[in-house]
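There are 2 protein chains.
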Amino acid sequence: MSSPIDIAIVGATGTVGTALVEILEERDFPIGQLHLLARAASAGKSISFRGRNLRVRTVEAFDFAQVRLVFFAASEAVTCQYAPQARAAGCALIDLSGGLPLQQAPRVVAEVNSQVLQGLAAPFQLTSPASPAIALALVLAPLRPLMHWQRLSVTACLPVSSLGREGVAELARQTSELLNGRPVEPRLFDRQIAFNLLGRVGAIDAVGHARLERRLAEELRQVLALPELKVAASCVMAPVFFGDSLSLVVQAVQAIDLPAVQAVLEQAPGVELIEPDDCPTVVGDALGQDVAYVGRLRGGMDDARELNLWIASDNVRKGSALNAVQLAELLIKQGL
Amino acid sequence: MSSPIDIAIVGATGTVGTALVEILEERDFPIGQLHLLARAASAGKSISFRGRNLRVRTVEAFDFAQVRLVFFAASEAVTCQYAPQARAAGCALIDLSGGLPLQQAPRVVAEVNSQVLQGLAAPFQLTSPASPAIALALVLAPLRPLMHWQRLSVTACLPVSSLGREGVAELARQTSELLNGRPVEPRLFDRQIAFNLLGRVGAIDAVGHARLERRLAEELRQVLALPELKVAASCVMAPVFFGDSLSLVVQAVQAIDLPAVQAVLEQAPGVELIEPDDCPTVVGDALGQDVAYVGRLRGGMDDARELNLWIASDNVRKGSALNAVQLAELLIKQGL
Chain V
1 MSSPIDIAIV
11 GATGTVGTAL
21 VEILEERDFP
31 IGQLHLLARA
41 ASAGKSISFR
51 GRNLRVRTVE
61 AFDFAQVRLV
71 FFAASEAVTC
81 QYAPQARAAG
91 CALIDLSGGL
101 PLQQAPRVVA
111 EVNSQVLQGL
121 AAPFQLTSPA
131 SPAIALALVL
141 APLRPLMHWQ
151 RLSVTACLPV
161 SSLGREGVAE
171 LARQTSELLN
181 GRPVEPRLFD
191 RQIAFNLLGR
201 VGAIDAVGHA
211 RLERRLAEEL
221 RQVLALPELK
231 VAASCVMAPV
241 FFGDSLSLVV
251 QAVQAIDLPA
261 VQAVLEQAPG
271 VELIEPDDCP
281 TVVGDALGQD
291 VAYVGRLRGG
301 MDDARELNLW
311 IASDNVRKGS
321 ALNAVQLAEL
331 LIKQGL
Chain P
1 MSSPIDIAIV
11 GATGTVGTAL
21 VEILEERDFP
31 IGQLHLLARA
41 ASAGKSISFR
51 GRNLRVRTVE
61 AFDFAQVRLV
71 FFAASEAVTC
81 QYAPQARAAG
91 CALIDLSGGL
101 PLQQAPRVVA
111 EVNSQVLQGL
121 AAPFQLTSPA
131 SPAIALALVL
141 APLRPLMHWQ
151 RLSVTACLPV
161 SSLGREGVAE
171 LARQTSELLN
181 GRPVEPRLFD
191 RQIAFNLLGR
201 VGAIDAVGHA
211 RLERRLAEEL
221 RQVLALPELK
231 VAASCVMAPV
241 FFGDSLSLVV
251 QAVQAIDLPA
261 VQAVLEQAPG
271 VELIEPDDCP
281 TVVGDALGQD
291 VAYVGRLRGG
301 MDDARELNLW
311 IASDNVRKGS
321 ALNAVQLAEL
331 LIKQGL
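Just so you know, the sequences run in chain order V and P.
Taking UniProt numbering, I'd label the letters of the first sequence as residues 1 to 336.
Taking UniProt numbering, I'd label the letters of the second sequence as residues 1 to 336.
Just so you know, these hints were derived from the structure itself, not from any lab.
The reader is advised that the hints may include incorrect statements.
Here are a few chain P residues that face chain V, going by a calculated C-beta distance under 8 Å [unchecked claim]:
no.	residue
1	T18
2	Q66
3	L146
4	H148
5	T155
6	L188
7	R191
8	Q192
9	G199
10	G202
11	A217
12	P239
13	D277
14	T281
15	M301
Residues of chain P clear of chain V, computed beta-carbon distances all greater than 12 Å [claimed, not checked]:
no.	residue
16	S3
17	G44
18	R68
19	R187
20	E218
21	Q251
22	R298
None of the values given here were measured: they were computed from a predicted structure.
All residues carry an ideal CB built from backbone N, CA and C; glycine is no exception.
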């Protein structure tokens with residue numbers, strides 16, 4: 001085991017930050033001092049780690065020279081504000097927000113493109129991709145040798161926890177109001193989210209794409225090392241607390257060998273293939289699990305070059321915190 | 001105004017049957033006698049129509065010779081059981097279940113392919129397509145002159161009411177149990193539906209497609225009169241009470257003229273186009289409305305031949321009962 005290293009987590013009180021702490025503990029990560037950081041509003045809380053209660057401190061006052069590795073599990077804005085300080089202090093950075101440019105902080109999924117790290121030198125900067133991109137990359141990467149892709153179309157139904165604790169609280173509040181026969185005033189979303197689906201997640205750019213849709217496509221292309229891959233992505237906010245549900249259509253150039261696809265997915269790391277007559281869901285299958293569940297594997301109704309499937313994945317664990325910790329483990333192997 | 005005709009509704013107590021009664025009343029349909037029918041279990045209830053309470057009678061004991069037009073708003077099984085009696089009695093049939101074959105009972109969306117009726121002779125048999133097929137046809141039909149399609153990919157997020165009142169009751173029950181901290185035992189679905197998404201709706205055939213996915217593709221091809229159209233369809237059950245939410249990717253052979261698409265959809269019958277920076281939802285926009293709402297109209301991120309959009313539509317009204325009544329009105333014009 002490597003010698004222990006001192007670590008900071010920026011955004012430690014959020015859903016992903018909390019999961020990071022849990023996973024660091026579960027995996028027996030070689031930590032010296034763990035510094036939990038948040039903006040002033042959330043500082044002062046305590047979080048349990050290896051039998052001790054760690055106090056969350058303000059990121060504003062933190063001296064990054066105290067640590068060698070920083071996880072950014074905060075918003076893009078907070079990440080972009082404090083990443084320069086961490087870099088200047090010589091820390092390795094693992095960003096979960098997507099705030100750092102692709103060129104500066106390559107997107108890496110541990111099971112898929114960890115070879116990227118071999119081309120990097122300290123101080124390291126890596127980004128753990130958006131959760132749907134991680135799940136898609138885990139499923140698609142092992143299929144690359146089997147087919148040449150023309151295009152991917154994905155509809156990603158995201159849970160309210162992708163907006164953090166506030167999203168979870170808002171869905172719970174709205175649902176409870178409605179079941180008690182009271183009218184709902186949406187606060188966090190611009191429409192009612194309880195018993196409803198929102199066809200837009202976050203702001204839309206000048207030509208109509210959401211930032212997350214762009215991020216998903218760009219990260220997939222980088223992780224799969226297919227810069228020309230065509231991706232149609234639609235992100236939808238669903239009245240679900242946790243877990244990404246992805247409906248994927250793969251169009252290949254030639255007819256798809258379904259038994260070969262099935263055989264490959266049965267062996268793929270980080271993937272659990274469900275029997276064709278069943279279908280995985282986030283609640284009951286994916287939540288709390290470290291693999292992306294795949295179901296509804298089928299060809300096209302009218303096109304032999306088409307592959308359809310459904311993915312259910314934990315957006316907080318496998319889709320965020322676990323991959324980030326796996327990246328840290330890889331950096332340690334590389335002599336962080 | 002035509003002379004009044006006697007009508008029966010089979011499945012009058014279900015969500016769609018109830019909406020049929022409402023719409024017949026709203027539209028001042030020329031009805032003589034209205035016979036409300038259901039299986040024995042639901043018979044005996046009363047439903048208000050034009051200020052009178054009509055008693056629901058058993059379909060088993062009904063003599064179809066009493067009426068000239070029958071709406072089948074029951075299950076496929078009930079429809080297939082009683083359609084032959086109605087036919088033998090010389091009735092016109094309008095099926096909402098999809099139980100009758102495409103050749104026997106053509107799929108018609110009033111605004112799209114009503115010209116089909118000109119080739120038919122009495123006794124008439126028509127099918128009102130599945131609700132997502134109606135919404136898609138309304139949006140796609142006016143675009144046909146603008147582009148030649150290579151393929152459509154749709155992820156249809158369906159509400160629990162697509163399974164009728166039992167679906168609605170089950171989502172309400174599960175949600176309430178969970179909010180009260182009690183464990184959920186799924187009854188109607190094989191997994192928890194509250195705060196979850198099911199990637200499978202109904203039974204799956206030998207090659208993995210759901211019956212509804214097949215129906216959607218076949219009906220779209222027939223309504224749009226494009227027998228070669230390639231359709232990838234995935235139906236998802238969402239924790240939503242009413243309204244279909246559809247994520248659609250259109251692939252055309254040539255680059256798409258987005259301003260022209262927008263101009264056409266602004267004028268299209270049965271369609272309401274929402275501003276690009278907003279996005280319609282079923283709750284708050286589509287429910288109770290007689291149009292399909294379209295939003296998130298945008299090109300591809302990396303392909304000028306791609307069109308993406310989002311549709312929110314009332315599955316019970318516009319998606320079922322209203323179109324069926326519109327078909328009946330067309331039949332009356334044709335001398336039913």
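Going down the list of hints, with the structure as the test:
1. T18: For P/T18, the interface hint is violated, since the closest Cβ of chain V sits about 20 Å away, which is over 8 Å.
2. Q66: Violated. Min distance 41 Å.
3. L146: 18 Å, violated
4. H148: Violated, about 16 Å.
5. T155: 4 Å, holds
6. L188: Where the cut-off is 8 Å and the nearest Cβ of chain V is about 15 Å from P/L188, the hint is violated.
7. R191: Where the cut-off is 8 Å and the nearest Cβ of chain V is about 5 Å from P/R191, the hint holds.
8. Q192: 5 Å, holds
9. G199: Holds. Min distance 4 Å.
10. G202: Since chain V brings no Cβ nearer than about 11 Å to P/G202, farther than 8 Å, the hint is violated.
11. A217: Hint holds; P/A217 Cβ to chain V Cβ min 5 Å, cut 8 Å.
12. P239: 5 Å, holds
13. D277: 6 Å, holds
14. T281: 5 Å, holds
15. M301: 6 Å, holds
16. S3: For P/S3, whose nearest Cβ neighbour in chain V is about 44 Å away, the distance exceeds 12 Å, so it holds.
17. G44: 29 Å, holds
18. R68: 38 Å, holds
19. R187: Holds: least Cβ distance 15 Å, greater than 12 Å.
20. E218: 9 Å, violated
21. Q251: 8 Å, violated
22. R298: 3 Å, violated
Checked against the numbered hints above, the structure violates hints 1, 2, 3, 4, 6, 10, 20, 21 and 22; every other hint is satisfied.
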